[in-house]
Amino acid sequence: MIGQLMYSFIESLITIPRSITGDGVRLSLERIKNDHLLALQMYEIPTGTVIEDWVVPKEWNIVDAYIKNSKGEKVITLADTNLHVLGYSDSVDKHVSLKELNKHLYSLPDQPNAIPYVTSYYDDTWGFCLSQNQRDQLKQESYHVYIDSQKSVGSLTYADLVIEGKEQKEIFFSTYICHPQMANNELSGPAVATYLAKWLSGRSNRYTYRFCFTPETIGSVAYISKNFDKLQNIHAAFNLTCVGDDRAFSFMPSRKGNTISDKVARHVMANQIESYKEYSFMNDRGSDERQYCSPGVDLPMVSIMKSKYGEFPEYHTSLDNMEFITPFGLEHSFNVHKACIEILENNFKYHTNVLGEPFLSKRGKNYMIIGGKQNADSDSAQLILNIMTCCDGSMDIVDLAEEVGIYALDLIPIIQSLISEDLITPIESF
Amino acid sequence: MIGQLMYSFIESLITIPRSITGDGVRLSLERIKNDHLLALQMYEIPTGTVIEDWVVPKEWNIVDAYIKNSKGEKVITLADTNLHVLGYSDSVDKHVSLKELNKHLYSLPDQPNAIPYVTSYYDDTWGFCLSQNQRDQLKQESYHVYIDSQKSVGSLTYADLVIEGKEQKEIFFSTYICHPQMANNELSGPAVATYLAKWLSGRSNRYTYRFCFTPETIGSVAYISKNFDKLQNIHAAFNLTCVGDDRAFSFMPSRKGNTISDKVARHVMANQIESYKEYSFMNDRGSDERQYCSPGVDLPMVSIMKSKYGEFPEYHTSLDNMEFITPFGLEHSFNVHKACIEILENNFKYHTNVLGEPFLSKRGKNYMIIGGKQNADSDSAQLILNIMTCCDGSMDIVDLAEEVGIYALDLIPIIQSLISEDLITPIESF
Amino acid sequence: MIGQLMYSFIESLITIPRSITGDGVRLSLERIKNDHLLALQMYEIPTGTVIEDWVVPKEWNIVDAYIKNSKGEKVITLADTNLHVLGYSDSVDKHVSLKELNKHLYSLPDQPNAIPYVTSYYDDTWGFCLSQNQRDQLKQESYHVYIDSQKSVGSLTYADLVIEGKEQKEIFFSTYICHPQMANNELSGPAVATYLAKWLSGRSNRYTYRFCFTPETIGSVAYISKNFDKLQNIHAAFNLTCVGDDRAFSFMPSRKGNTISDKVARHVMANQIESYKEYSFMNDRGSDERQYCSPGVDLPMVSIMKSKYGEFPEYHTSLDNMEFITPFGLEHSFNVHKACIEILENNFKYHTNVLGEPFLSKRGKNYMIIGGKQNADSDSAQLILNIMTCCDGSMDIVDLAEEVGIYALDLIPIIQSLISEDLITPIESF
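Residue numbers (our numbering), protein chains in the order written: chain C, 7 to 436; chain R, 7 to 436; chain H, 7 to 436.
Please keep in mind that the hints were generated in silico from the structure rather than gathered at the bench.
Errors might be hidden in some of the hints.
To be verified - Once the Cα atoms are required to be at most 30 Å apart in a straight line, the calculated DSSO-like pairs of lysine-lysine come out as:
no.: 1; chain 1: H; residue 1: 157; chain 2: H; residue 2: 74
no.: 2; chain 1: H; residue 1: 368; chain 2: R; residue 2: 269
no.: 3; chain 1: H; residue 1: 368; chain 2: C; residue 2: 157
no.: 4; chain 1: C; residue 1: 355; chain 2: R; residue 2: 344
no.: 5; chain 1: H; residue 1: 145; chain 2: H; residue 2: 175
no.: 6; chain 1: C; residue 1: 64; chain 2: H; residue 2: 80
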């Protein structure tokens with residue numbers, strides 16, 4: 007159900023021509039704001055602004071692009087897919103030989119029907135991307151190459167949304183919005199972010215939630231730079247990327263590897279999905295965790311993904327499309343992150359209020375009144391005693407769940423019952 | 007020898023009808039006091055007293071009980087074994103059909119010659135326990151069921167003994183006294199406790215020793231509640247249960263699993279017995295360590311057992327009898343606990359008094375005067391150098407023993423010799 | 007090249023008759039001083055001086071020694087090798103039967119052509135060492151045994167050299183000089199020590215370097231006793247022993263096993279040599295680390311050796327000679343210790359100076375400008391990002407090297423480049 011809504015969300019945004027700057031990003035964010043997240047705040051940073059070690063580049067917008075053969079037929083046209091133009095390509099309007107044209111073409115010989123996604127943010131050139139099949143059909147003739155793009159003083163666009171909770175402590179979700187016409191490695195992240203934000207907006211939450219939608223890399227560096235003080239309040243953080251397909255579950259731990267986000271994510275994945283592959287931060291990182299986990303920033307950020315960027319053949323090609331992702335895959339990702347939130351919202355340490363074991367019989371908690379050999383304690387009573395044996399103030403709800411061998415989500419109502427009977431007292435766990 | 011004394015001790019007490027309250031407990035403790043431990047202190051807590059999460063129940067005493075068949079023959083009689091009556095059974099005196107009787111009978115189809123031990127402390131009912139073989143002989147006829155028991159305002163009885171040592175720090179032994187007519191899972195514990203206390207009473211000890219004899223569970227909760235301040239002095243603690251048979255060695259670690267009691271017990275077991283099974287506190291606990299190790303009480307309590315409660319077929323049946331336990335098994339348990347005490351009494355950390363290695367030759371400690379290839383240092387000299395190399399103030403005698411590869415009991419005289427030669431100095435280890 | 011120089015150094019000293027005291031030690035040290043280390047300081051401690059648990063023994067010097075058969079032929083003579091006389095042998099000049107002579111002979115039946123090295127420092131006796139082959143040729147006749155030695159009030163001799171660096175913190179090298187006529191287990195250590203000291207004397211160093219040349223055991227105890235305050239400045243320490251052959255690499259860790267010396271040595275050995283055997287301090291120690299690592303002294307001292315003392319058949323015999331060691335083996339040892347020094351000199355922790363990742367493209371560090379699927383980040387750019395991701399102030403250069411998977415020696419120029427670009431800042435690591 008919610009998977010289908012997220013799938014439709016992606017369909018409605020996929021053809022907007024996004025890059026790290028420009029109207030494509032702006033339009034995508036406005037659509038999200040107007041259709042879903044009315045409180046979304048948008049920000050612009052002017053071209054040339056110094057952001058930490060970086061400088062905001064010129065803004066790039068694409069108007070039209072095609073390659074015509076000598077008969078005047080468009081053999082490649084932007085109208086088919088935004089991927090056909092090299093990201094940040096210069097404008098061009100001239101006739102070139104096939105030999106000259108080939109210097110500006112990008113294709114994948116090993117994946118002949120895939121159009122690659124290629125960019126040239128910091129080197130001025132022009133170019134087209136096309137499938138190897140398309141390229142193989144080009145003949146020795148003159149081609150009219152036409153790209154109408156603007157690279158001009160403008161700004162870098164990003165957005166965020168803060169949902170206030172009872173605590174100043176925040177749970178942070180980042181996602182990026184800078185890739186053209188790709189599904190898993192672009193719009194699955196904003197889709198799950200948007201629907202998590204909508205779900206949280208309708209609830210009373212313990213934590214404050216912060217969602218940011220930025221261009222990858224320079225956008226997240228900018229977000230860190232502009233919000234450094236606020237980020238000190240972050241208790242847990244999740245990067246939403248590649249959360250749309252139905253082929254695998256993947257986990258990128260935080261740099262430190264043992265933060266509360268890592269702990270909760272691993273517990274949820276161990277209990278809620280069949281299996282997943284854990285990657286190495288040092289060897290395999292590649293999305294905005296590179297910025298948010300960098301030394302001095304040190305957010306406890308993990309990524310719970312389906313097929314991880316760089317690890318699926320369709321990655322960064324036209325095959326990462328609406329057929330690659332599924333409503334079921336999106337919903338699965340949504341549910342896993344929702345479970346992480348539910349556990350974090352209910353995560354405390356606990357101390358027992360009684361010396362020795364409690365006298366459960368008087369509470370009628372399925373504790374067998376007849377003792378002895380024939381009548382073992384019932385499982386539920388034993389579970390309660392096991393839980394209370396762990397309530398020494400040192401264990402949070404995930405520790406408790408793992409010690410007594412159940413899923414923390416299932417432990418929440420039992421813990422609440424023990425609190426209501428005044429058998430245990432929660433202590434802040436952060 | 008001492009095993010035979012403990013075996014006789016058990017024989018002399020086994021037919022006394024004990025329960026968690028009542029004259030059976032009182033009589034058992036008086037016998038121990040008068041025959042063995044004159045300084046044993048007895049305590050009574052009135053019915054209705056609130057003890058932490060518990061309330062002291064009515065006191066229960068059994069006078070007589072039998073089932074007569076229609077011919078007036080006693081087919082079941084308390085005179086045969088105290089186990090025949092459901093613990094805390096109500097009185098009854100009426101004629102019932104076999105069908106009605108069956109609702110009040112407890113037997114074990116899988117162990118047809120064993121009478122189960124069953125109690126009903128908190129549910130008012132009456133009942134008999136019998137072997138399946140006995141039950142199978144009951145015919146369709148009218149039975150006269152007769153139980154003369156008293157459940158009345160009285161008190162809960164327990165006892166303790168404190169043997170003062172040079173230190174206020176205490177070593178604590180708990181055992182329970184609330185089961186009727188069973189040997190391993192009842193009287194083996196009080197037997198070993200009594201003989202350890204007698205041995206310690208005749209010595210000058212470093213530590214103060216505390217022995218308590220309580221009904222299980224509510225009795226240990228009561229002991230904790232009444233002695234909470236004194237328990238803060240406890241340095242090591244042992245629960246004495248199931249220490250009488252000759253079939254296995256079992257170990258229940260403390261809740262934290264790495265206390266001084268765990269360390270000494272594991273070292274003794276690794277060196278003094280062939281093999282043992284270590285159980286899990288979280289999954290397998292079941293005796294008074296549940297109370298003494300509970301959060302907020304936190305005693306460093308372990309149980310070094312023979313066949314563990316719940317793990318042997320005779321457990322909680324009439325087969326846990328004088329044939330199940332042996333003098334040899336009791337003595338083995340006594341010796342293992344004695345070894346733990348000897349090591350604790352001699353447990354210090356040490357710092358060397360010399361810079362560099364000592365010049366052993368001048369002390370004539372079998373250090374080979376002729377060096378070089380043919381004449382390796384003698385083993386004893388090498389052992390001394392190994393020990394001194396570890397005397398950096400960080401290792402206690404068990405650490406030292408494990409580092410140099412010998413049993414701590416064997417290390418004690420060597421350490422004493424090094425101290426007497428002023429080569430090392432002991433430091434308090436607690 | 008330097009291996010050949012060290013080999014010649016050993017050749018020039020090998021026939022000097024050394025023992026733990028006496029003119030042999032004195033002459034050896036004077037040669038090293040005059041030929042190589044002009045700043046070497048020599049010290050004498052008088053016979054009878056109390057040094058910690060030891061007393062300086064009488065000084066021993068050997069003048070001549072032989073065994074003549076009944077024909078007056080010298081069947082054993084000191085002129086052949088210093089090993090023929092028992093170390094610290096008394097003088098003797100008498101005729102003895104073969105039976106009597108045999109009580110004073112030392113040979114190795116299992117190594118019939120090896121003359122053993124045997125001493126008797128603390129038991130007054132006389133003796134000869136010879137090969138089993140030589141011994142087997144002795145006949146039933148009268149022998150003239152002649153040893154002209156002096157055991158008299160004198161002193162214990164040792165030397166040290168301090169090369170001042172920018173820091174008061176010191177790196178310490180110990181080696182021993184007390185064995186007669188053996189190559190691997192004696193002069194290889196002083197040879198590598200001397201050439202490391204010469205190399206360091208010609209450089210500007212961060213650390214101060216201290217080299218000591220002492221008789222083993224009592225000499226190192228004396229060095230500790232006389233220099234205890236200065237040793238508090240030691241940051242890393244290496245014992246140079248058995249560094250001359252070409253058969254194996256061996257490692258003796260420090261007592262604590264995880265000091266900076268252990269860390270650097272293990273990293274160098276893992277990266278610079280094919281394989282090595284790590285021994286156990288507790289079970290296998292045997293050289294001056296016994297003194298320098300003893301409790302209360304606690305130097306972070308390791309030994310990086312070739313064939314370890316006690317582990318090669320030639321050990322403590324005449325077969326540990328100039329054929330056993332090689333220029334290549336000596337140079338290999340020199341280079342491994344030089345690598346340890348280079349890493350220690352460059353060992354800092356680092357913190358990044360930028361928030362988020364740096365913008366490498368602007369620095370032209372081989373960072374690919376064209377992104378996307380076809381163009382992975384270049385390896386060198388990825389390595390720089392990996393390094394910077396670790397610059398959180400917690401890792402030293404060895405940690406960094408191991409985390410990013412390269413040799414610390416290769417990391418030094420990269421780190422220096424990052425510092426020069428102001429991307430990272432070093433922090434003192436001790």
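**Request:** Just pull the numbers of the violated hints for me, sorted ascending.
**Result:** Hints 2, 4, 5 and 6 not satisfied by this model.
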